[in-house]
Amino acid sequence: MNEAAVSGNGVPVVPRASRVVVITSDAPYLGGPLTWAALRASALEFEFVEIDTLAFADAPDIGAAVEDALTAVLRDADAAIAHSSAARPVIQAVSRVRPDMPVLLLSPMLLTRDAPHVRLVRAVLRHTFVARLLRNYARSKHRRLLTDRDYVTKQLNLLVRSDRITGALIDEAQARIRDPRTADAVERTVDVLTFSLTPVDTAANVRVRNRLALIGPGILERKTAKRMTCTVLPSATRSPMIETPDDVARALRSLLAS
78 MNEAAVSGNG
88 VPVVPRASRV
98 VVITSDAPYL
108 GGPLTWAALR
118 ASALEFEFVE
128 IDTLAFADAP
138 DIGAAVEDAL
148 TAVLRDADAA
158 IAHSSAARPV
168 IQAVSRVRPD
178 MPVLLLSPML
188 LTRDAPHVRL
198 VRAVLRHTFV
208 ARLLRNYARS
218 KHRRLLTDRD
228 YVTKQLNLLV
238 RSDRITGALI
248 DEAQARIRDP
258 RTADAVERTV
268 DVLTFSLTPV
278 DTAANVRVRN
288 RLALIGPGIL
298 ERKTAKRMTC
308 TVLPSATRSP
318 MIETPDDVAR
328 ALRSLLAS
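Residue numbers (our numbering): 78 to 335.
Calculated directly from the structure, the hints in this document are not laboratory data. Check each hint, because a few of them may be wrong.
With a cut-off of at most 25 angstroms between alpha-carbon atoms, the simulated SDA-like pairs for lysine to any residue come out as follows [claimed, not checked]:
#1 Lys300 <-> Val195
#2 Lys231 <-> Met186
#3 Lys218 <-> Asp268
#4 Lys303 <-> Leu274
#5 Lys218 <-> Pro193
#6 Lys218 <-> Glu264
#7 Lys303 <-> Arg190
#8 Lys303 <-> Ser331
#9 Lys300 <-> Arg196
#10 Lys231 <-> Asp248
#11 Lys218 <-> Thr230
#12 Lys300 <-> Leu202
#13 Lys303 <-> Thr271
#14 Lys303 <-> Pro276
#15 Lys218 <-> Ser273
#16 Lys300 <-> Leu310
#17 Lys303 <-> Leu270
#18 Lys231 <-> Thr259
#19 Lys231 <-> Leu310
#20 Lys300 <-> Leu197
#21 Lys231 <-> Leu210
#22 Lys300 <-> Asn234
#23 Lys218 <-> Leu111
#24 Lys231 <-> Pro311
#25 Lys300 <-> Leu210
#26 Lys218 <-> Val267
#27 Lys300 <-> Arg199
#28 Lys231 <-> Ile247
#29 Lys300 <-> Thr279
#30 Lys231 <-> Ile242
#31 Lys231 <-> Arg221
From just these sequences and the hints, can you work out the full model?
Structure follows, in structure tokens:
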């Protein structure tokens, strides 16, 4: 108990646990409670508030909806953890709420400038023929995922180290795939891809300085390290919160203590 904290009537006040907002954008395979279970177990002193991007699958503007939801919940938070392409909306929301808030980025997919080739890809995605092809492919893949557990496992293997993929994690992934919101996301394939291919606001990226990026040693992660300062976790691949939760917990404690 913190004896220095005393209420107006002289009764000691027990300080609340630090509140940490966590979000991943790799739906539908990840994003449910089991995505963060290992980290919660490694950092019991924190209160984790989970945001599931699947909840915004039918929003008119997915990116804006995610960012607005983050902005609202971050007002009562002490830190934020963003996985993969959730890095951009988290950084932009933190810059709105409290730019000095500690931010932990896990295997971030974060474009820091709107390069010509990125603009070209976004333009191509909007072409009617290309959009139709992508949507048809996504529908076909979704149909297979609905009935093929082995295929779901293979998709998880792209994101999580194989020895950390449990039957329960596969079950949760399958449940999320069967969620009607995933079907909504499939129909919005171009919007979802555009969400990932939109660069972070430059001013927001500059303002949010109290942050740390944790990555694995893979090829994609090495490219990330060229754009930002990163700490490499040799035992991680693309989901450190599942693969190396103790390392993530230590990094979170360090950020909050700085």
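Query raised in the report: Which of the listed hints are not met by the structure?
Result: 5 and 25
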